[in-house]
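Visitor: As you go down the protein sequences, you meet chains A and B in turn. Under this note's numbering, the residue at position 91 of the first sequence is numbered 91, and the numbers go up by one with no gaps. Under this note's numbering, the residue at position 119 of the second sequence is numbered 1119, and the numbers go up by one with no gaps.
What the hints contain is simulated information worked out from the structure, not anything from laboratory work. Don't take each hint at face value.
Below, computed lysine-lysine pairings styled on DSBU-like, alpha-carbon distance capped at 30 Å [unchecked claim]:
| # | chain 1 | residue 1 | chain 2 | residue 2 |
| --- | --- | --- | --- | --- |
| 1 | B | Lys1065 | A | Lys33 |
| 2 | B | Lys1012 | A | Lys110 |
| 3 | B | Lys1020 | A | Lys55 |
All of these numbers come straight from a predicted model, not from anything done at the bench.
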Amino acid sequence: MAKEQPRQPLTPAVFHILLALSTGDMHGYGIMKQVNADAERRVSMGAGTLYGSLKRMLDAGLVKESARRVDPELDDERRIYYAITGLGKKALAAEIERLRHLVELSRRRKLFPRTSVFHA
Amino acid sequence: MRDSDAARRVYKRLLAFYPKDFRERLGPSMEQTFADNLRERRDRDGHVVAFLAWTFAETSLGIMKERARRQQRSSVLAAVAGFVLVLPLMTLEWATRSNRPRTDFAVPLFVFLWLLAALFIRTFIGVVRTAQAILQGRVAVLSSISLVPRIAFLGLIAWVWVSWVIDQMPCFLGASGC
């Protein structure tokens, strides 16, 4: 399968997963908790969405399986950890830049933070 | 603890509905995440019913999406392969058109033959996948019953397609009066 181009806009799920993995390698449950914390409960990511996105991200080379190891905070079962790749970091940086540009544009047009359109 | 084990077993059964490569690659991790989430809910407030209902529904939706994605890929493959199958006939028709310059290129005929070929290949892919699953013991042998009407349908499509090609072959070869 072809590698995903870093310049393509990311889906919200992929963006949140990359953002979570930018803090370090994590297993699925760790990613879920980090996404919930990052999104301040605005996003609720279930296993179906998380692993569907992870599968496509693995295929696209944005993330990789790092190792199986034990999480000291949980039980003694070995877990599969996921890590962000170089391509994943580039994709995340490009998406942040895209969002920054949009926020800047909205600010210039006085749509953000208080908008004359929505608060008239 | 026994309830958790039972829920985990049922979840594992649900995961069996994911496509094989997905299940093999991510199934163990999904099971682990489910167990971790279940443990957290149980430790927090003991209310797991809503969590279980939401998780099973959300995972089922994920399975449907994943399967739909596969179907889409198979359909694209069938469409391309069907076109490749019809291409020689189109080329033949194009090459012999000089024999009967007043007739139009038979676009509806080739679209029909292309769609029929694509339908055949798409159905064939499904039959092969089901047969593989039966041979590998991933689905019950009873599922082989579902293969009978599909194979009959394949035979019907093949018969219609070949009949049309044989019927139209003189035209493809440039015979006058077509």
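Visitor: Check each numbered hint from earlier against the structure, then list the numbers of those it violates in ascending order.
Guide: 2
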